[in-house]
Amino acid sequence: MDGQYFFELAFSGLTRGSIYALIALGYTMVYGILGLINFAHGEVYMISAFVGLTAAAICSLLGFSLWAVLLLTLLFAAAYGAAYGYTIEKVAYRPLRGANRLAPLISAIGMSIFLREYVILAQTADFVAFPSLLYNLVEVDFLSDYIGSGELILTLVSLTVLGGLFLFLRYTQTGRAMRAIEQDREMAMLLGVKVDQVISLTFVIGSALAAVGAVLISSHMGQINYNIGFLVGIKAFTAAVLGGIGSVAGAALGGLVLGLVEAFAAGYVSSDYEDVFAFGCLVLILIFRPAGILGQQQSEKV
Amino acid sequence: MRNLIILFAFALFAFIPQAWAAEPILIGVAGSFSGDLAPYGIPPKNTVMLAAEELNKKGGLLGRRVKIIAQDDVCQPNAATIVASKLMDQKVIAVIGHICSGATNAALSVYRGKKLLVISPSATLPSLTLNGQNPYFFRTIPHDAVQAIRQADFIVDKLKYKQIAIVHDKGDYGKGLAHQLKEALKKRGITPLLFEGVTPGAVDYSALIHKLKRLRPQIVAFGGYHPEASKIVTQARKKGLKMDFISGDGVKDPSFLKIGRQFVEGYYATSPADISTQPLTLEVLKKLKARGQTPGNFGLQAHAAFTALVKAIQAAHSTDPDQIKAALQKNEAQTTLGKIRFDAKGDVIGSGFSVYQVKKGAFIAVD
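For the record, the sequence lines run as chains U and B. Using this note's numbering, the first residue of the first sequence is number 1, and each one after it goes up by one. Using this note's numbering, the first residue of the second sequence is number 303, and each one after it goes up by one.
Where hints are given, some of them may not hold.
Quick look at which bits of chain U chain B covers, simulated, 3 or more residues with Cβ under 8 Å [as the list claims (entries may be wrong)]:
hint	region
1	15 to 25
2	119 to 133
3	213 to 227
4	269 to 275
Keep in mind that the hints were calculated from the coordinates and are not lab data. Idealized CB from N, CA, C, for every residue including glycine.
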């Protein structure tokens, strides 16, 4: 197999993987802090894509340049997605904070169904075209054999956002508060951390990341409908579990591993078996490291 | 006075055509009129009812009235066998139906050997006619393999391409069509460079695109529906790939053009030939609209099945199944699908697939 093909596939996997990582972070951050799997996360992704479509249409009408349209669309979708995340937490999860573990899970599934039906009723059940914001935006000569302009921007933006998040968690007061709650919520509360506020912020950040991913992928694929969150949600959740759910670095790594495995399986074997390899890889890793690649083994008190 | 009324009554009776006195001709309609698949079955029932009413207004068939007996099989094989027995008990001379291939197949096992004419407007499973076990079965819709053979003919004879890649969406329709195309190409001694399925809804198809870039097919045949088709062709064009694309009727949809924009220019799609401009079809559509009904996917095929049956009975001057069968195969009937007749196996001749190409944002028939 020749080198060029290998690198093409590698970049293809990187593109895919960075998107999975972006969305997996939303799952993993919420899980880390609340021990809850936010099934409505894929729907936040989907709704943000619709918001992004509106924003892109308005910005293009106002005659902004392509870069400005992309930037404004990303910001607008992120803001809206964050607002949805905040509201979902307030409405569906906070009232159930002290309840049985299953209750918020069912509430999450309900929220997910509600958001899908809402988009079907308020928008449309059909596919809608999404403008190609990334196409021909940049041309990097030495890379153009391996990766298109769209994929390049997509990968760079998601990696930048990921990097930003790491710095945020590591070096800011709020980031430290988040990590503190993750380790021991009660102790953090006793030490004066505003737990509710930080949990809200977790949802805001996770949803904003999903929104960024949604705008990038939608302009890459060129179309959206009410159902796009489903498969992406499942893949991102898989990535989060693969990397070790609850671990931020793990989610990023899991996303990239999943993306690369899929791309190489599709390229060297057959795209028929893309999912088989992806989930086969998940099974293997979970056999040898049940908590995921970077997950910590947790001993539960009996 | 009283005498006058009796006289009047007798006079009135005398005006009623002789026909109404005779036993009506019974024709069955079977299909899914309830359940998930009702949208496929109700329009055929409606169009056959409409056609029968008009026929009765014009004096009926062979001087007798036509009566339609509709039976719901919910598209389920076990229900279809019960429906088939019921229709035979009622001594129908023919059945328009059934709708789904599975149900039709089950019903045919009951009709088999009974010399009952069955004309389906929608069952596309190739073996129903091709297995030769149902000599009295006809259909007004071309079967699935016909579309794939049409694609193969077009690719090989018209475009003169030999380097072909086949991609599908792993679904029943898409994979089925892709598989039929592969078989059709095999008969012409061509092995596709690639035959594989993609996962609908994936975030990225660039691995497949890179594979296509390396294999350099002259044309990519995609079996599936329009959303994935437009995603794949869009990504290919953005990567500068210039090969042609061809798909089936699942892609010939207005939203394909709306979503694919400039990237789908030149895309080929096979689809049933456009019949909406024929006067007879327009008339039927207008009448359906006046009743608040739609032709659905198979309504016009059912109307055509009924018309062809009526014409054949008129030509044969009898309700004998063998004579009707001969007339169906020999005589062309002017129907909502155009002029049609049937081949020896029972498949429709004259209602086929056309090849369309996207030109300036519209599907234009090219072959």
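Hint check results:
Remark: the region 15 to 25 of chain U is confirmed as covered by chain B, as 4 of its residues place a Cβ nearer than 8 Å to a Cβ of that chain, reaching the required three. Figure legend: the region 119 to 133 of chain U, annotated as covered by chain B; annotation consistent (5 residues with Cβ-Cβ distances under 8 Å, at least 3 required). Note: the region 213 to 227 of chain U has 7 residues with beta-carbon separation from chain B under 8 Å; the three-residue rule is met and the coverage holds. Taking a C-beta to C-beta cut-off of 8 Å, the region 269 to 275 of chain U contributes 5 residues in contact with chain B, enough for the three needed, and the coverage statement holds.
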